[in-house]
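Asks: Starting from the structure of chain B, add chain H where the hints point.
There are 2 protein chains.
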Amino acid sequence: MSWERNIRRVVPYTPGEQTNKKVIKINTNECPYPPAPGVEKALKELNYESLRLYPKPAADDLVNAIAKYYGKKSSQVFVGVGSDDVISMTFLAYFNSDKPVLFPDVTYSFYDVWADVYRIPYEKQALDDNFRIKPEDYYKENGGIIFPNPNAPTGIYESLDMIEDIVKHNPDSVVIIDEAYIDFGGKSALALTDKYENLLVVQTFSKSRAMAGMRIGFAIGSEKLIKYLNDVKYSVNSYTMNTPSLVVGPIAIEDDAYFKETTGKIIKTREWMKKELKALGFTFPDSMSNFIFATHKDYDAKELLKYLRENKILVRHFKGERVKDYLRISVGTDEQAEALMEALKKKIK
Amino acid sequence: MSWERNIRRVVPYTPGEQTNKKVIKINTNECPYPPAPGVEKALKELNYESLRLYPKPAADDLVNAIAKYYGKKSSQVFVGVGSDDVISMTFLAYFNSDKPVLFPDVTYSFYDVWADVYRIPYEKQALDDNFRIKPEDYYKENGGIIFPNPNAPTGIYESLDMIEDIVKHNPDSVVIIDEAYIDFGGKSALALTDKYENLLVVQTFSKSRAMAGMRIGFAIGSEKLIKYLNDVKYSVNSYTMNTPSLVVGPIAIEDDAYFKETTGKIIKTREWMKKELKALGFTFPDSMSNFIFATHKDYDAKELLKYLRENKILVRHFKGERVKDYLRISVGTDEQAEALMEALKKKIK
Numbered sequence: 000m001s002w003e004r005n006i007r008r009v010v011p012y013t014p015g016e017q018t019n020k021k022v023i024k025i026n027t028n029e030c031p032y033p034p035a036p037g038v039e040k041a042l043k044e045l046n047y048e049s050l051r052l053y054p055k056p057a058a059d060d061l062v063n064a065i066a067k068y069y070g071k072k073s074s075q076v077f078v079g080v081g082s083d084d085v086i087s088m089t090f091l092a093y094f095n096s097d098k099p100v101l102f103p104d105v106t107y108s109f110y111d112v113w114a115d116v117y118r119i120p121y122e123k124q125a126l127d128d129n130f131r132i133k134p135e136d137y138y139k140e141n142g143g144i145i146f147p148n149p150n151a152p153t154g155i156y157e158s159l160d161m162i163e164d165i166v167k168h169n170p171d172s173v174v175i176i177d178e179a180y181i182d183f184g185g186k187s188a189l190a191l192t193d194k195y196e197n198l199l200v201v202q203t204f205s206k207s208r209a210m211a212g213m214r215i216g217f218a219i220g221s222e223k224l225i226k227y228l229n230d231v232k233y234s235v236n237s238y239t240m241n242t243p244s245l246v247v248g249p250i251a252i253e254d255d256a257y258f259k260e261t262t263g264k265i266i267k268t269r270e271w272m273k274k275e276l277k278a279l280g281f282t283f284p285d286s287m288s289n290f291i292f293a294t295h296k297d298y299d300a301k302e303l304l305k306y307l308r309e310n311k312i313l314v315r316h317f318k319g320e321r322v323k324d325y326l327r328i329s330v331g332t333d334e335q336a337e338a339l340m341e342a343l344k345k346k347i348k
Numbered sequence: 000m001s002w003e004r005n006i007r008r009v010v011p012y013t014p015g016e017q018t019n020k021k022v023i024k025i026n027t028n029e030c031p032y033p034p035a036p037g038v039e040k041a042l043k044e045l046n047y048e049s050l051r052l053y054p055k056p057a058a059d060d061l062v063n064a065i066a067k068y069y070g071k072k073s074s075q076v077f078v079g080v081g082s083d084d085v086i087s088m089t090f091l092a093y094f095n096s097d098k099p100v101l102f103p104d105v106t107y108s109f110y111d112v113w114a115d116v117y118r119i120p121y122e123k124q125a126l127d128d129n130f131r132i133k134p135e136d137y138y139k140e141n142g143g144i145i146f147p148n149p150n151a152p153t154g155i156y157e158s159l160d161m162i163e164d165i166v167k168h169n170p171d172s173v174v175i176i177d178e179a180y181i182d183f184g185g186k187s188a189l190a191l192t193d194k195y196e197n198l199l200v201v202q203t204f205s206k207s208r209a210m211a212g213m214r215i216g217f218a219i220g221s222e223k224l225i226k227y228l229n230d231v232k233y234s235v236n237s238y239t240m241n242t243p244s245l246v247v248g249p250i251a252i253e254d255d256a257y258f259k260e261t262t263g264k265i266i267k268t269r270e271w272m273k274k275e276l277k278a279l280g281f282t283f284p285d286s287m288s289n290f291i292f293a294t295h296k297d298y299d300a301k302e303l304l305k306y307l308r309e310n311k312i313l314v315r316h317f318k319g320e321r322v323k324d325y326l327r328i329s330v331g332t333d334e335q336a337e338a339l340m341e342a343l344k345k346k347i348k
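First to last, the sequence lines map onto chains B and H.
Take the first sequence: its position 219, counting from 1, is numbered 218 in numbering that gives the first Met the number 0, and each next residue is one higher.
Take the second sequence: its position 163, counting from 1, is numbered 162 in numbering that gives the first Met the number 0, and each next residue is one higher.
Here chain B stands alone, though its shape is the one from the complex (with noise of 0.2 Å):
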C-alpha cells in the first residue's frame, strides 16, 4: 500500500520484562521497597473529581519541590514522564546539528534509538577495556554529548572531575549526564551545573524513589537550557505530568529520611552480593549503581539466565558484543538477594 511510503520506519527499544507472576523480579533495576509511606496516604486522600480538570501544564508543584530539595530555582527544572520522556526531549531540544552526537559504545541502549528517530548523527565512543569512559575521545567536535553515570549496564561511576573536564572541552555542546542511578553512592553533576550553562542533569523517580509506575523524571541546569527543553515539550504535549503524579511526587521528594533510609539498604545489599558473587567466581566491575553486571569465565551469561528464570529468579541479558557475556543483576531486598545466590550456588559448582 502507498500510504506506507510516508512512514517513519524504527528500530524500537525493547524494554526489560514486566510481569504478574509470582518471581524475583531483579530484571528491570526497579527500587524493592514501596514508595515513601506518605505517597499512600495521597493517593487515598486524592480529590477524585478534581480528575475532569486538566493538570498544572507547568506542574509547578511537583518543579517547586524538586528545586527546593535540590537548593535550585524552579526555572532551573523541568519534569516529565519519566527520565526517558525527558532524554528523548532533550535529544530533539538540544540535538538540532549535522554533527554526530557523542555517546559510549555500552551504554543505555535507548541512546541510539531517539537520535534514530529523531534522524541525529551518532558516533558511538569506545569504552577502554575495563568499561571505563576515555575523556579525551570526547574531545572532538560534536553535536551534543550524553552518557549515563554510573553508566548503565556497567554500573561504573566515573569522578566529577572527569565530567568537568569533558565539559570544559565542549562550550559548543550540550552536555547531558544521565544519572538514573546517582543515589546509589556516586556524587551528582548538580554540583556543576550552576557553573556550566550547557550541562544537563537529569534523574528519576523510577529507582531510588521507588516510583517506577509514577513516571516521574526530571532535569536540572540553567534557565536557559530549561526553558529551550519546555518550549519543546510545550510544542509536544502541553500536559505531560498527570494529577496523581503532581500529587505523590512532592511527598516522595519531601521525606528524605525514607530516601536515606531505602537507598542506604540498597547499598548495603548490593556490597554483600559483591562479596557473595565474586566467592562464586564471578567478575564484574565494581557498581555504584542499583544492579551488579556480571560475567562467569566458566558458564554462559545466556545458560545461566535460562537456569534462574526456571527457578522463578528474573535477571536482565543484552545482546551487543561486548556485553553478551554480562548478566545484569538488579539490588533487591536481602531475601530476594540470599534466593538468588542459593540459586546460583546449585548450579556453579
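Where hints are given, some of them may not hold.
Note: identical chains are not told apart, hence a pair may lie in one copy or across any two.
With a straight-line Cα cutoff of 25 Å, these simulated DSS-like cross-link-like pairs (lysine-lysine) come out [said to hold, decoys possible]:
id, residue 1, residue 2
1, K55, K305
2, K21, K55
3, K311, K55
4, K55, K40
5, K43, K55
6, K318, K226
7, K55, K20
8, K318, K55
9, K186, K133
Treat the hints as calculated values from the structure; they're not laboratory data.
Replies: For chain H alone, coordinates are given in the frame of chain B:
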C-alpha cells in the same frame, strides 16, 4: 553562547489557563461532572506498593478495555498521555514526507506546532465562509491529512460521507480524524476504520469521560497503522502510561451508563445555551461538541472576555484573524450556564 547554535527553536502551543481559584471555568472544554464513580473507589484501593514497579509498557488492560468497548481488536488500539501525546506521535510516525500535510486554517492550533517541531511541511486549507471544510481541498497530493470532527474551535460536525470521500481520494496518505468531541452527538468514523487501512481515529478521555487530569488518549485504526505508531512510541518512551491511569482508565470506559448520562446532560445544557445565546444576539455555528463558538455583532469578543473574567467566568479567546471576534465557551453544568447567561444579560442590552 555557541552551544545554542544546535538548539531546535520552536514557538510552542499555549494551553488554556488552569487555576485553583474559585471561578466558573468554562475555558478548556473539561467535563463539568466528575469521572465515573468507580474511579474514586479504584484510586482508594490502588495497591500503592505496586508503584515501585514499572507499569506494563503495552498498557494491556487499558488497550483491551477500549478495544472491547468499540468492538475492535486490541492490536487496533494505541494509547497515549492524552490525545495530544497520541497525535504528536502520529505526526512523527505517519507524516514523514516532503509533501505538505493538509489541515484546515481554522482548527486545533496544535497541528502547525507539531508540524513545526518535527519539521514537517504543511499547507492550511481555508474553511469556507461558514467554517465548513471543502472536501475538494483535500484531493491534491499531500503528505497526510488531519482534522478534528467536530472541528475545534467551531464545533461543526461534518458527515461520515464527507470523511469517507476524503479518505477515498487519499489512498497514498494517512488520514487522521481527531474526534476529541465526537461523543457529544456526532457519529464516529470508527465505523470506517475496518474499511480503510490508512484511516486513524483519535479520541480522548479528557472531555466526554471527565478525566483530563489522568491524561489518557487513544487511537484506533488498522493493525498496520497501530504497529507503526507503537514502533515510534517504543522509540520515544517505553512506559508512557502510569499505573493509576492503567487502573482507572478501564473503569471509566466500562461504566457506559454513567458516560451516557453525563454526555446526555451536557448535550441538553448545550442546546439550552444555544437558545439563550441566540436570544442575546449571539451567532454561532451549530455545535455538536461540548462548547459553543459565539460572536456578537455589537460587542467585541476581547471586551466580553475581560468582562466575564471580572465576573469570575473564564472562557477562551483565540487570536487568529478569522476567529478573533469569537469566544469559545465550554458547556458547563446548568448552574454554570445560567450564571453565564445572567452575567451576559447584564452586559448586553
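Asks: May I ask which of the numbered hints given earlier this structure violates, with the numbers listed in increasing order?
Replies: none
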